[in-house]
Structure formats: C-alpha cells, structure tokens
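Keeping the supplied structure of chain A fixed, place chain B upon it in accordance with the hints.
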Amino acid sequence: MKIKGHKAKLINHLFQTLLVTYLILLLLEQIFPGFVSTYLNINYLLVLTIAAGILDVFSEHEVIKQRIKRKDILFIYVLGILGTIIIKYKTIDLGYLSWIISIIAGILIILLSHLILEEDEK
Amino acid sequence: MKPRYQRLTEIAIIAIPILLVLYLLTTNFIIPQEFNYYYNIGGEENYLTPIDRISEKYNNQRDMMSHMIYFDVDVPRGSKEIKIETRLKPNLPTGENLRLGARDQEDWHYMWHTIYTQEEENNGGWQIISTTFKVKEENLKIENGKLSFVFYAQYLDKEEYKNYTIPIDYINVTIYKPGLIK
Numbered sequence: 001m002k003i004k005g006h007k008a009k010l011i012n013h014l015f016q017t018l019l020v021t022y023l024i025l026l027l028l029e030q031i032f033p034g035f036v037s038t039y040l041n042i043n044y045l046l047v048l049t050i051a052a053g054i055l056d057v058f059s060e061h062e063v064i065k066q067r068i069k070r071k072d073i074l075f076i077y078v079l080g081i082l083g084t085i086i087i088k089y090k091t092i093d094l095g096y097l098s099w100i101i102s103i104i105a106g107i108l109i110i111l112l113s114h115l116i117l118e119e120d121e122k
Numbered sequence: 001m002k003p004r005y006q007r008l009t010e011i012a013i014i015a016i017p018i019l020l021v022l023y024l025l026t027t028n029f030i031i032p033q034e035f036n037y038y039y040n041i042g043g044e045e046n047y048l049t050p051i052d053r054i055s056e057k058y059n060n061q062r063d064m065m066s067h068m069i070y071f072d073v074d075v076p077r078g079s080k081e082i083k084i085e086t087r088l089k090p091n092l093p094t095g096e097n098l099r100l101g102a103r104d105q106e107d108w109h110y111m112w113h114t115i116y117t118q119e120e121e122n123n124g125g126w127q128i129i130s131t132t133f134k135v136k137e138e139n140l141k142i143e144n145g146k147l148s149f150v151f152y153a154q155y156l157d158k159e160e161y162k163n164y165t166i167p168i169d170y171i172n173v174t175i176y177k178p179g180l181i182k
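If you read the sequences in order, they're chains A and B. First residue of the first sequence? That's 1 in this note's numbering, and the numbers climb one at a time after it. First residue of the second sequence? That's 1 in this note's numbering, and the numbers climb one at a time after it.
Just chain A, with the same shape it has in the complex (with noise of 0.2 Å):
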C-alpha cells in the first residue's frame, strides 16, 4: 500500500529536514566534538530519521523533470571542495596522505553527483 497525496508530501518534507539536520549535527559534532553529543544523544535522530526514510520510501511522489542548470553544478562543486576541507580536516594527522585521500574523496563526490544527476535527467 502507497502513501498518496498530501501525506506523502509531508512525509517527504520530514525525511528531508530529518536528514539533513541529522547531517549538520553530524558535522558539528564532528568539526567540535562534544558540542552535540554532551547535550543530545543524535542516535535517538538518526532512528527518527530512518522510519522516516522507510515511510518515505512506500510513499508516492510526483517525478519533476529537470535539465540541469548552471547553479546545480556550481553547487556540486562547492560540496566537493567542501568534503576536501572536512576530510583534510579530519585526516590531519596522516601528513602527505591526507592530501591524497582529501583530494580523490573530492573528485569522486564531484564525479557521483554528476553522475546521479545526469541520471535524473535522462
């Protein structure tokens, strides 16, 4: 059984906002440690966020054909520059290596969003 009309929208909205708070929390926590976990426990979201994933997914959604316009790449960019940063970050202390791991998980971030939204497209 599909969830239809409105529900299904605001089911969507949900696991969008879910996930994507979720995510920052994740960073947050990752880039300042103990700035979200000596408050609030993110497993307790991260649960949240799966049941609304799983509702998320018997859902029905109206699929919007889009061509992919020059602000989209841009932002894709942006996200693969963005985890070098975070990666370099967090592999700081293996010296010459954390550049190479920073820079190839950039350019596949880069490349699998380009791929995945080629994909929407066609």
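A portion of the hints provided could be inaccurate.
In silico EDC-like cross-links for lysine to aspartate or glutamate, where the CA-CA straight-line distance does not exceed 20 Å [said to hold, decoys possible]: (1) A:Lys-90 - B:Glu-106; (2) B:Lys-141 - A:Glu-29; (3) B:Lys-134 - B:Asp-74; (4) B:Lys-146 - A:Asp-93; (5) B:Lys-141 - A:Asp-93; (6) B:Lys-2 - A:Glu-60; (7) A:Lys-71 - A:Glu-118; (8) B:Lys-146 - A:Glu-29; (9) A:Lys-7 - B:Glu-10; (10) A:Lys-9 - B:Glu-10; (11) A:Lys-4 - B:Glu-10; (12) B:Lys-2 - A:Glu-62; (13) A:Lys-90 - B:Asp-157; (14) B:Lys-89 - B:Asp-157; (15) B:Lys-83 - B:Asp-72.
Computed list of chain A residues with no C-beta within reach of chain B, every gap over 12 Å [to be verified]: (16) Leu-18; (17) Glu-29; (18) Val-47; (19) Glu-62; (20) Lys-65; (21) Lys-71; (22) Ile-73; (23) Leu-74; (24) Thr-84; (25) Ile-85; (26) Ser-98; (27) Ile-100; (28) Ile-107; (29) Ile-109; (30) Glu-119.
By construction, these hints were calculated from the structure, which means they are not laboratory data. Even for Gly, the Cβ is constructed at its ideal location relative to N, Cα and C.
Using the frame of chain A, we list chain B on its own:
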C-alpha cells in the same frame, strides 16, 4: 490552497531543526551547567588503564598496583573547573605523596596536584580526597572532548615497595561550565 493541517504540520517540521539548534546554542553558550560523572571503580566497568597495573575487582574496589594509573574524563567545551574527588586507601610510606596530574601539553606532560602526603604512620583507613583543576589557568589540554588524568605514586615504582598497592573505590568528577547568564 493547502489545507490548514498541512500548513501546521509543515511549520512543525521546519520547527524541528530550529528548536534543536536553539537548544544546542542555549546549552553550549548561554546557560551555566554542572556535569557530574561517577566512576565506580569497584564496579563491572574498568575506567582505569593500563589494565595490567590494576587488580581485578573485589569488595567493591580495585587496587592500583603501579606508579602511574590513567583515566579519561569527558570535558564539555568551555568548561572552567574540574573537581576530582576520590575515595581510596593511601597506603603510603611516611614522607611519600600521591599526586594527581591533568594533561597540559601535546607531548606527555601533566599539571600536578599533590592530593595526599603521608605525614604520620599509615593508619590504613579509607580517605576521601579531592582537588580542583582550572582549565584555562592551568592550560589543560583537552583533546577530542577528553582530558587525560593520571594518579602518580612514585614510591610504587621502587623495588622495596613492589608489594604495595593503593585500593580505590570511586572517582567522582564534577565539571563546572559557565554560561553567558550567571
């Protein structure tokens, strides 16, 4: 036009991250807080390292069998004071002392507080000993939200005292973190 319940639900969903961020900002920066961690050394979990310098638990206690015994404490960002209270039997020879160190440098280096000095003959009884470290003034090194502490009983390293031990019951840590509101 969207039904009312849908608009209200959307607002409630948007409110989730806003409330979480407000809560985290308030607890991290605005409200002063006190954290308390109780390490039951004689309990199931072992908080002290290295393991080979600690005895197995017995009678709700363990024995420190060597001169340097470490433990870590989770210290929230912006903490000001860390009070360490411990209950132990300082079986020290006269004139010896027991020190507690908090890590204050990237390399192996600790800020030492003498927490007990044996002035008379040892009576063998339990004692509750406490000391307070000041994070900023003593320049303590908190790494990944953790601060390393070490009990240091120098005499336990000497051959003539190799059979000596220091029984320990608990460590109670109280951390004070100031906020913008006093």
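Consistency of the hints with the structure:
1. Distance check on the hinted pair: A:Lys-90 and B:Glu-106 sit about 17 Å apart at the alpha-carbon level, within 20 Å; holds.
2. The straight-line distance between the Cα atoms of B:Lys-141 and A:Glu-29 is roughly 19 Å, inside the 20 Å bound, and the hint therefore holds.
3. This hinted pair checks out: B:Lys-134 and B:Asp-74 have alpha carbons roughly 15 Å apart, not beyond 20 Å.
4. Pair hint B:Lys-146 plus A:Asp-93 holds up; C-alpha atoms about 18 Å apart against a cutoff of 20 Å.
5. Restraint check: the Cα-Cα separation between B:Lys-141 and A:Asp-93 comes to about 17 Å, which is no more than 20 Å; the hinted pair holds.
6. The straight-line distance between the Cα atoms of B:Lys-2 and A:Glu-60 is roughly 18 Å, inside the 20 Å bound, and the hint therefore holds.
7. Only pairs whose Cα atoms come within 20 Å are accepted, and A:Lys-71 paired with A:Glu-118 is accepted, the gap being roughly 14 Å.
8. Only pairs whose Cα atoms come within 20 Å are accepted, and B:Lys-146 paired with A:Glu-29 is accepted, the gap being roughly 14 Å.
9. For the suggested pair A:Lys-7 and B:Glu-10, the alpha carbons sit about 11 Å apart, so the restraint of at most 20 Å is met.
10. Under the criterion of a C-alpha separation no larger than 20 Å, the hint pairing A:Lys-9 with B:Glu-10 is consistent with the structure, at around 10 Å.
11. Simply put, A:Lys-4 and B:Glu-10 have alpha-carbon atoms about 16 Å apart, close enough for the 20 Å limit, and the pair holds.
12. Distance restraint check for B:Lys-2 and A:Glu-62: the Cα-Cα separation of roughly 17 Å lies within the 20 Å cut-off, and the hinted pair is therefore satisfied.
13. Between the alpha carbons of A:Lys-90 and B:Asp-157 the distance comes to roughly 38 Å, so the proposed pair goes past 20 Å and is violated.
14. Of the supplied pair hints, the one linking B:Lys-89 and B:Asp-157 holds, its CA atoms being roughly 18 Å apart against a limit of 20 Å.
15. Distance restraint check for B:Lys-83 and B:Asp-72: the Cα-Cα separation of roughly 14 Å lies within the 20 Å cut-off, and the hinted pair is therefore satisfied.
16. Residue placement check: A:Leu-18 does not keep its beta carbon more than 12 Å from all beta carbons of chain B (closest about 7 Å).
17. Consistency note on A:Glu-29: stated as away from chain B, yet its beta-carbon is not over 12 Å from all of that chain's, at 9 Å minimum.
18. Interface exclusion of A:Val-47 from chain B stands, the closest Cβ pair being 14 Å apart, more than 12 Å.
19. Residue-level check passed: A:Glu-62 sits 15 Å from the nearest beta carbon of chain B, beyond 12 Å.
20. The Cβ of A:Lys-65 sits about 24 Å from the closest Cβ of chain B, beyond the 12 Å cut-off, so the non-interface label holds.
21. Here A:Lys-71 stays apart from chain B, with its beta-carbon at least about 23 Å from theirs, past the 12 Å limit.
22. A:Ile-73, annotated as away from the interface, keeps every beta carbon of chain B farther than 12 Å; the closest lies near 27 Å.
23. Here A:Leu-74 stays apart from chain B, with its beta-carbon at least about 24 Å from theirs, past the 12 Å limit.
24. The Cβ of A:Thr-84 lies farther than 12 Å from every Cβ of chain B, with a closest approach of about 22 Å, so its non-interface assignment holds.
25. Its beta-carbon lying about 19 Å from the closest one in chain B, A:Ile-85 satisfies the requirement of being farther than 12 Å from that chain.
26. No beta-carbon of chain B comes within 12 Å of the beta-carbon of A:Ser-98; the shortest separation is about 17 Å.
27. No beta-carbon of chain B is positioned within 12 Å of the beta-carbon of A:Ile-100; the least distance is around 24 Å.
28. The claim that A:Ile-107 lies off the interface holds: its Cβ sits roughly 28 Å from the closest Cβ of chain B, which is beyond the 12 Å cut-off.
29. Every C-beta of chain B lies more than 12 Å from that of A:Ile-109, the closest at about 23 Å, which supports listing it as non-interface.
30. For A:Glu-119, the shortest C-beta to C-beta distance to chain B comes to about 28 Å, beyond the 12 Å cut-off, and the non-interface label holds.
Going down the numbered hints, you'll see the structure goes against 13, 16, 17, while the others check out.
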